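A.B. asks: Here is what each chain is made of, one letter per residue.
Protein chains: 2
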Amino acid sequence: MKIGVVGTGIFATDAHVPAFEQAGNIQVTAAYNRTKSKAEKFVEVASNGQAKVYDSIDEVFSDANIDAVDGLLPVDNNLELVKKAIAAGKPLAFEKPIAHDLDAAKKIVELTNKSDVPIMVLENWCFHERTLKMKELVKKIGKVELFLYQTTKPFFISKYHQTAWRQKPKHIGGFISDGGVHDMAFITEVLGDVAEVNARTSQLREQNGDIDTLNAQLRLESGAFGSFTYAKAFGAADSTLSFQIFGTEGSVVFDGNSIVLRTGPDGNDMSSETFELAPESVNGVVSEFKNFTEAVKTNDKSVIVSTPAKSFHHFATIVACTESSKKNGNTVQVSKA
Amino acid sequence: MKIGVVGTGIFATDAHVPAFEQAGNIQVTAAYNRTKSKAEKFVEVASNGQAKVYDSIDEVFSDANIDAVDGLLPVDNNLELVKKAIAAGKPLAFEKPIAHDLDAAKKIVELTNKSDVPIMVLENWCFHERTLKMKELVKKIGKVELFLYQTTKPFFISKYHQTAWRQKPKHIGGFISDGGVHDMAFITEVLGDVAEVNARTSQLREQNGDIDTLNAQLRLESGAFGSFTYAKAFGAADSTLSFQIFGTEGSVVFDGNSIVLRTGPDGNDMSSETFELAPESVNGVVSEFKNFTEAVKTNDKSVIVSTPAKSFHHFATIVACTESSKKNGNTVQVSKA
Chain A
1 MKIGVVGTGI FATDAHVPAF EQAGNIQVTA AYNRTKSKAE KFVEVASNGQ AKVYDSIDEV
61 FSDANIDAVD GLLPVDNNLE LVKKAIAAGK PLAFEKPIAH DLDAAKKIVE LTNKSDVPIM
121 VLENWCFHER TLKMKELVKK IGKVELFLYQ TTKPFFISKY HQTAWRQKPK HIGGFISDGG
181 VHDMAFITEV LGDVAEVNAR TSQLREQNGD IDTLNAQLRL ESGAFGSFTY AKAFGAADST
241 LSFQIFGTEG SVVFDGNSIV LRTGPDGNDM SSETFELAPE SVNGVVSEFK NFTEAVKTND
301 KSVIVSTPAK SFHHFATIVA CTESSKKNGN TVQVSKA
Chain B
1 MKIGVVGTGI FATDAHVPAF EQAGNIQVTA AYNRTKSKAE KFVEVASNGQ AKVYDSIDEV
61 FSDANIDAVD GLLPVDNNLE LVKKAIAAGK PLAFEKPIAH DLDAAKKIVE LTNKSDVPIM
121 VLENWCFHER TLKMKELVKK IGKVELFLYQ TTKPFFISKY HQTAWRQKPK HIGGFISDGG
181 VHDMAFITEV LGDVAEVNAR TSQLREQNGD IDTLNAQLRL ESGAFGSFTY AKAFGAADST
241 LSFQIFGTEG SVVFDGNSIV LRTGPDGNDM SSETFELAPE SVNGVVSEFK NFTEAVKTND
301 KSVIVSTPAK SFHHFATIVA CTESSKKNGN TVQVSKA
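Chains A and B are the protein sequences, given in the same order.
Residues in the first sequence are numbered consecutively from 1, following the working numbering.
Residues in the second sequence are numbered consecutively from 1, following the working numbering.
Only chain A is shown next, with the shape it has when bound in the complex (with noise of 0.2 Å):
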């Protein structure tokens, strides 16, 4: 598969290009970046320096030669590249957050439900084993009727620290939103669709441009309810991530390495196992594109895993604690697209 790279940033360069390798036969054949010298400097590490560097995203999709376009842009360019996929007739992946607003985030949803062409979000939290496994087992353990789930840090200063459009985000809820749909996709996947919220949100450091710290309750679909913790910007601190759901008839429990199933009706009567999970699928980035090559050589977008639809609801929920923590901590209840 012969793909164009729209947004020739430290993503596309760190985490795309090797999984382009490793996801089977995709190949940079066009770039395109604002700054014209980094697409040049990209096509060089990605492609040898055989790829095309285009002067506008309109070139790229206008290229005859390529079957799709990867879209890495800052998130509130994402409407119009949907556009300009379905116009040009052109597959298109690109990357979380969907949109920077939720009437954009709408938008996406309706033009790509009415199109046949295949547009991918490119939530690789929706791949991860993981989330695959958590899926899975939940199954084994009854009416789910609560979970606890929680990402902590401590305040790292990262790379992406330096990027314009963190620092000073577009988008509704910035650094939340950013780090937290990932972990909206895990939880939904897992857990169906999240009804309503109640949030407290707090700004701990100037370096992250927007609310740093989030804590909510979520109400979802099913009637089970919950904790949800997003929170990297303490001082020292352990990194946590764990997902604990526990059902009428038994917990799956996932503390950032390994998922322990129990099962049993009460605490006389269990049984317990844990799975391993191999380290290498953490990124999920190889497998979001093996799903998104299969999608645009079947032409068939009813394949794809994270679509639009799901991105859009992963987002909305943390722009319903945004809205919550605003309202003192009312409830908020999720927009629909």
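The hints are simulated quantities; they were obtained by calculation from the structure and are not laboratory data.
Each hint should be verified, as a subset may be incorrect.
If several chains are the same, the list does not tell them apart, and a pair holds so long as it fits within one copy or across any two.
Calculated lysine-lysine pairs in the DSSO-like style (CA-CA distance at most 30 Å, straight line) [what the hints assert, rightly or not]:
| # | residue 1 | residue 2 |
| --- | --- | --- |
| 1 | K301 | K135 |
| 2 | K301 | K326 |
| 3 | K139 | K326 |
| 4 | K143 | K326 |
Here the structure is a predicted model, which means the values were calculated and not measured.
Using the hints, position chain B against chain A.
C.D. replies: Chain B alone, transformed into the frame defined by chain A:
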């Protein structure tokens, strides 16, 4: 110190009597129970049959030979017990929760505020080594921003399930408030009072007589926020008790066994220290009776750690959670005494 025990049930025999010996020189010299034969059986164990068995609570309070009364009646008797203690000028310690509803709890706080008679709520979690250690360590992590508190268990049928007042609880919150006030004591001794709550509840087991699963989001008076989960009615699950506190300059995490303090401004500059807790200190009942003895001997109510005012707050927070749950999770302020 000579004590009269009013209400000679399981907890009096299993927890108070051993603590009387370990706390120092507390002798059971009087006892009362609605079913007199139970009181007679109790004094055999508690005093080798030496203590007097009375036919009424009033007779216990009138006994000039006793220094104080230990009350373990069903919770809806607590207000009456407090009135009798104040009328008799006899120090009283009685078991949590403070009362069966907020009105009775408020009256207890009002009456004890006006009286100099030492009156203490037996909230043993105020005396746990883990509580005291967390309270000390939390001062070292800068401004507290977030906490995550969870206590989860699979369902176990216990000897307490047979108790009539637990099966058909008269007190608000029933199962949840009976246990949850302990956890609120732990949280608030360490982090201060709760201002507002959002909560979801459910009942998984008929045997628990009332809601038995609670997930809440708490905003503290300090401005910090976090999650409080009390859920002990699942199918097979690990038993957990964990309390994570995150601040601008570090974190303190209790995992059920030990406490880890991490200090430093961010993820690049961290140091940590682990504090093991002595297992024998878990119960706290010995410490609370030492505290009560001191108050009785000095006739000074100001030395009491687990005051009615504190216990009111623990109970009022749980009550606020049950109210929020009935209001679809919307924000409810915690009542003040």
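A.B. asks: Each of the hints needs a verdict: does it hold here or not?
C.D. replies: Evaluated hints:
1. K301 - K135: within (22 Å within a copy, 56 Å between copies)
2. K301 - K326: Answer is neither; intra-copy 38 Å and inter-copy 43 Å both fail.
3. K139 - K326: between (36 Å within a copy, 29 Å between copies)
4. K143 - K326: Between copies only: 22 Å across, 33 Å inside.
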